[in-house]
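J.: For reference, the chains in residue letters:
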Amino acid sequence: MEENNTVVNGAKQYIVVKLDNEQYGVDISYIDNIVRMQQITRVPKAQSYFPGVINLRGEIIPVMNLRLKFDLAYKEYTNTTRILIVKPESGAKIGILVDEVREVVTLEEECIEKAVYDEQGANLIGVGKYKDTLISILNIHGVIAELESNAW
Amino acid sequence: MDLSQYLEIFIDETKEHLQTLNDQVLILEAEPDNIDTVNEIFRAAHSLKGMAGTMGFKRMQRLTHDMENVFSEIRNGKMSVTPDLVDVVFKCLDAIEEYLSCIVESSDEGENDNEDIIGMLNACLESGGGSAPEQPAAAPAQEQKPAAGEDDKRKFLHISIADFEKNAINEAKAKNLNVYGATVYVDEKCVLKAARAFLVFKGVEAIGEIIKSVPSVQDIEEEKFDLDFSMLIISEKSIEDVRKAITNVSEIRDVALENYDIPKDVEVVSSVQIKETKEEKKEESKKKNAAAKTGGKPVANRSVRVDIEKLDDLMNLVSELIIAKNGLVSVSNQEDNRTSMQSFNEQIEYLERITTNLHESVMKVRMVPIESVVNRFPRMIRDLSKKLGKEMELIMTGEDTELDRTVIDEIGDPLMHMLRNSADHGLESTIDRLKLGKPQVGTIKLNAYQDGNNVTIEVEDDGAGIDVEKVKASAVKKGHITEEQAENMPEKEAIDLLFRPAFSTAEKISDVSGRGVGLDVVKNKIEGLGGDVEVSTKLGEGTKFTVRLPLTLAIIQALMVEVRNEKYAIALNSIVTIEDVLVSDIKYVKQKEVINLRGTVIPLVRLDEVLDCAPAEEEPENLVIVIVKKGDKQAGLVIDNLLGQQEIVIKPLGKYINIHKMISGATILGDGEVALIIDTNSLV
Chain A
1 MEENNTVVNG AKQYIVVKLD NEQYGVDISY IDNIVRMQQI TRVPKAQSYF
51 PGVINLRGEI IPVMNLRLKF DLAYKEYTNT TRILIVKPES GAKIGILVDE
101 VREVVTLEEE CIEKAVYDEQ GANLIGVGKY KDTLISILNI HGVIAELESN
151 AW
Chain B
153 MDLSQYLEIF IDETKEHLQT LNDQVLILEA EPDNIDTVNE IFRAAHSLKG
203 MAGTMGFKRM QRLTHDMENV FSEIRNGKMS VTPDLVDVVF KCLDAIEEYL
253 SCIVESSDEG ENDNEDIIGM LNACLESGGG SAPEQPAAAP AQEQKPAAGE
303 DDKRKFLHIS IADFEKNAIN EAKAKNLNVY GATVYVDEKC VLKAARAFLV
353 FKGVEAIGEI IKSVPSVQDI EEEKFDLDFS MLIISEKSIE DVRKAITNVS
403 EIRDVALENY DIPKDVEVVS SVQIKETKEE KKEESKKKNA AAKTGGKPVA
453 NRSVRVDIEK LDDLMNLVSE LIIAKNGLVS VSNQEDNRTS MQSFNEQIEY
503 LERITTNLHE SVMKVRMVPI ESVVNRFPRM IRDLSKKLGK EMELIMTGED
553 TELDRTVIDE IGDPLMHMLR NSADHGLEST IDRLKLGKPQ VGTIKLNAYQ
603 DGNNVTIEVE DDGAGIDVEK VKASAVKKGH ITEEQAENMP EKEAIDLLFR
653 PAFSTAEKIS DVSGRGVGLD VVKNKIEGLG GDVEVSTKLG EGTKFTVRLP
703 LTLAIIQALM VEVRNEKYAI ALNSIVTIED VLVSDIKYVK QKEVINLRGT
753 VIPLVRLDEV LDCAPAEEEP ENLVIVIVKK GDKQAGLVID NLLGQQEIVI
803 KPLGKYINIH KMISGATILG DGEVALIIDT NSLV
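Residue numbers (my numbering), protein chains in the order written: chain A, 1 to 152; chain B, 153 to 836.
With the rest of the complex left out, here is chain B (with noise of 0.2 Å):
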């Protein structure tokens, strides 16, 4: 057996204790006096402490174990919950996500003891009075034991062997082996006492073997011991090795080691009785195994971890079905039987049939609500709240809005950082809040709702709004853009300045943001997402960020479009209209070609020249022009043919080919070909 197949689980449960802590303690802070809320969070933090001592990481479980200490003393009423308790309550759960991720990287918790925190623990406990005189107690008690007869303490030596045990001993002693008998004893504030002994047995079995046991290797597991047992070892490896083995593992108090001689005065019990006796224990605990297993379910059921990787499979089988979808209908539209045509035309209505649902149950497997990523985001808007000494609330709706997991997956950093921007540079200081006449508690809104294909979430701070001309000045500095630029710059564009690289308005650098790696990161990822990002504000009643994200990465709906003679799929949800324009209507701005359409100015991409394609033979004289958007602006992309609407599955084009920022990936269409997806973001 191996703990590190547990690992996992262990860092999943432990991720969500602490969302629990997070919460309730923030529930707790608002609402001092509620008793469930303390009750839950006593649960939670027990609940850690068993977990991360049965893993063997002592220095989380001590954290814990205090912190547990703490709400106990709460919950029976013997201590109230102050703010600063609050605060160091925070910084533990910070400790012990600091173990976690620790724990995430190299399975080991790291080295940090985090005695402070511990310190500032035991001394809400003592001011908070109650159990200060407890502990003192306890450790006393601790050192008397040892202190006892070193005779009692070998316990070994009271083991009755069976004739093939002895056996075995003598044995090993002929070959030169050593025999040890050891007597563990477990801490008595140990909670899994079992796991102790499971460790300790895996350890001597690394480097020898246990020949027996007392209690029986099945008692011990189902915790039937006392605070001590005892074994025989057959090992090859010195005394000293055997007790590194054992005293390696945590919370065992005490060992008693020494070279094992069978005495004399042992009674012999026969192999057959034993035999039996253990032949009867197995099926107990096969029972027991067969309870547990049926009991233990609905608490295993709370939430659904999917393997990605078994996604990713389904989703391929999903774009293979597809794929032979699409085959049918090719296939169908060079037939000229009429039966056939029929039977083809039901084949294609059932396939039809079977991808959609399977479409939309893989896709609802990969659905997450976006509340796993938000629910973080109250206990970072409360320290910042602190830190930057502003009163803010957050108000977060739509959080049961869902997402594709691997939008979910990176959209998280992101938000974080728009709310860190909204907190920071969006919200005015409480003072100058007054001053305005506005409430003295800044709003923060995150919203999250579902809007066709995409879902839209928006950032929205009653702040200060952008000072554009601001702005501008910043930029003028920093050398982005000229002078006269600036004069002439719609308000939009200059805000768009803001999702510039190295672009900040803060005077100060300040912990919280205005280093400069702000906003274009945000904008970068989340136009890799397939989305986009917009911000709209007022000066002096607050800014908005509105992103946009398509639903789901895997699967869209796209128009086909020829150039030359090559295919390409655009997004269908980034085009406009598609207009037929006359070569005489193109327009000359600033030598760029452009379409004035219905008053706009759109400028024109010659998708065949962008795309290396060979030139025209001759140019036509009707432009078939494919009108993209991007946020607000637009652009027209000159193709050669329409081929029509088409459900694709986006591919990726493989490794080691260098592949252009405006191919955002392929698709293959029913005849097996592959075609090319153009990315219009880039092209606008």
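Just chain A, same shape as in the assembly (with noise of 0.2 Å):
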């Protein structure tokens, strides 16, 4: 689905981030920039899962929190919380507030099972094996479409 392919015969890079002991693959050619943790500004009536928004570098930037969404429980920002800036579409850019940012991986394409449709579905284009940990590799637009649809 993505023709922005960082590597070429199918393989792509992926930055893997942790929730917890679950590990979370991101297609690098998503993301911007990954920040330190910051001041967030709280958003008075935004979804619960937006903490607010952070100044970066004169741009102001919502920043969800990516335990929240996925219904994981609050847990207090450590020395390892980062903030991965992404870029789903030109001229819009995202926070995601993970636990903890550990590597960059490669990935071919056969090393990825599809997700079958469960709940998470939306949120998952499938599970990636590298070496031998599982990563389950995030739908970026899957995350975001949902936050529309969820708007009020």
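Hints in this document: simulated from the structure, not taken from any laboratory. From the three backbone atoms N, C-alpha and C, an ideal C-beta is built for every residue, glycine too. Treat the hints with caution; some may be incorrect.
What the hints assert, rightly or not - Simulated restraints on C-beta separations:
hint : chain 1 : residue 1 : chain 2 : residue 2 : range
1    : A       : Pro88     : B       : Ser253    : 43 to 49 Å
2    : B       : Glu714    : A       : Ser90     : 55 to 61 Å
3    : A       : Glu76     : B       : Asn676    : 39 to 45 Å
4    : B       : Asp239    : A       : Pro88     : 37 to 43 Å
5    : B       : Asn319    : A       : Asn33     : 55 to 61 Å
6    : A       : Val104    : B       : Ile460    : 34 to 40 Å
7    : A       : Ser90     : B       : Leu469    : 16 to 22 Å
8    : B       : Val753    : A       : Met37     : 43 to 49 Å
9    : A       : Glu108    : B       : Pro804    : 38 to 44 Å
10   : B       : Val481    : A       : Ala92     : 30 to 36 Å
Said to hold, decoys possible - In silico DSS-like links for lysine-lysine, alpha-carbon gap of 27 Å or less:
hint : chain 1 : residue 1 : chain 2 : residue 2
11   : B       : Lys807    : A       : Lys87
12   : B       : Lys744    : B       : Lys644
13   : A       : Lys45     : B       : Lys744
14   : A       : Lys18     : A       : Lys131
15   : B       : Lys243    : B       : Lys230
16   : B       : Lys807    : A       : Lys75
17   : A       : Lys18     : A       : Lys129
18   : B       : Lys539    : B       : Lys587
19   : B       : Lys587    : B       : Lys630
20   : B       : Lys803    : A       : Lys45
21   : B       : Lys803    : A       : Lys93
22   : B       : Lys785    : A       : Lys45
23   : A       : Lys93     : B       : Lys813
24   : B       : Lys644    : A       : Lys45
25   : A       : Lys87     : B       : Lys813
26   : B       : Lys389    : B       : Lys325
27   : B       : Lys325    : A       : Lys45
28   : B       : Lys782    : A       : Lys45
Put the two chains together into one complex, using the hints given.
T.: Laid out in structure tokens, this is it:
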């Protein structure tokens, strides 16, 4: 579905992030930046999983907490907490708050098992096998599309 | 080369010409003998025709051509201007506008031939005498030429070929490619032969290669040819494809095309000679280009078009600078070393000067006179006057008042709506006016002026005014309010009912207005721009709509306040006063908190509750209350602390996050912290 392969012959690079013990992969072509935790300004009446907005070099970017989005328990921010600045489309950025950013991996298309559609189906593209670990590949557009339908 | 790069210029210029035409024809309607106006119209029509032709918009060209004919006759004194003619011309302008909007949307002029309008134009021509015999005379002349001998047409047979061209042809034949000779005849009415030829070349080059053309490409580009030119083409496509590529271009009357063999009797010019002449010509054309560049400038300078995106980038720079300034301010506050303090202060002053200048100059670039929006209104009022059968005139003042570009782009529709409203509902019919002893011609005034940091636009009519009782009755009938409410409703509030969705007092739904999608849309739009709209009316004397808009949307003066530990900004221009009120002074009306401030009862809004802040640990004895206004209404916002006044840069909050309408944006403070801006309009 994506044309912007970072590596030829069907392999793509993913940034591996952690929530609790589960690993998630985000297509690196969407990543604009990774920043440390910084002060977040609360936005009243926003979706519950949006802690607020941050100032990234003069640009105001909404930040969502992936833990809350995935209905995981709230956890205090730590030294390893990072904000992935994701650019799903040109001219729009969103920050995604994760517990930890681990590494960049390259996964072949064949190593990713496409997701069967369960309740998280829209959020995940599939599960990738890397060495002996499993990485859930996030569907960035899915994560965001759902936000829009939740709008009130 | 691609024509699409000219499309934008074409669209802009066509708009300009159309505006001129509309303006001038309006003048012409009032003064049918004004020869200057006729000349002006003729020139504009002529330019339009030429541009449309160059861009290959045949239908548009045809229409403008016929219009030009009419004005040519008028100019020569063979025809006089009649009201009927003016109507037809206006219809014609509308049709051109339609073409243009088609072009804007799809880069294509659409399928509408507008035969009826062309027919009407020609009828005008005929009835006016003059040119009627001219056209039939032209037609036979056209038909005669194609009838001339076949051989004559194949001028390409006489092309002289150089060695290398001969080689190329032989090589192509060896590769089984087709070699065609073509002679293209351009329509004699064609205005821009070079452009046509260019299009032909472009079309052919898309499917093959042109190895030679007579006259040379340079000569053709400089229009140094009669009505025909010949060329040799190498292509793998069939002869029919090539023919299609050529005849696709408009104003090509005929093309002689067939397979080409090198004729034996053709003289072979040595290639050296050709190269020489080619180089000479190149230099010549370079000189010409240079001359054209220097000569062409003043024309383009008439209007400045700035890419809005570039402007926005510039704006970002400015905002960055202001943020930097704020940063310096906050650092200097913490510093106690005296010398560095002084340099800091100097720095700040310097920075401040830059930012102010930069701000000002950028703003100037962004400012557009309101004229660009309102100049289409005289025409609209004229049409409405005809349609509604009411006599009316539009008096516009203050068209040179400037507004921010973003506001200008949005304000056109609401203003148009208000004018239509005044024309349709406001003004009485001519008969009624005479009965009432009013001047026969109704007046609508559009007045714009700058007022501090706002621009005020007034739309005023001297019509019947708003019948408040009728409004109330209509509101009751539609279920907006109960009868009881209607009785107690003050006039002001009743008039505000007009701004409710789906509310129209017009008994008849007309083409012009009264569909109920009216004033509420106007109000929403204007409030979306950070402005407000008010109505004042006097029964029997008229109605006045007053629109107030901020000069600019990007940088505002704001009061910074603290609610719990969060910082918020409130636009200074909506603040009336700031009051210290004892908790014991709070009264209750209908279980809602209010204060009595010097005789006015003002409802309180607890910002901490509205903003979902954590509840206060203990209620203080004194409350700090910011009194804000929206039109005539006021409200008191309860806050915890005042932080002071600051110039802030408004930034959007970004996509994906849901934003309540009481948050109108955000800004970045000196220390990098983000503060939200509260839109007090949604709280009052």
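J.: Return the numbers of the hints above that this structure violates; sort them in rising order.
T.: 1, 2, 4, 19, 24 and 27
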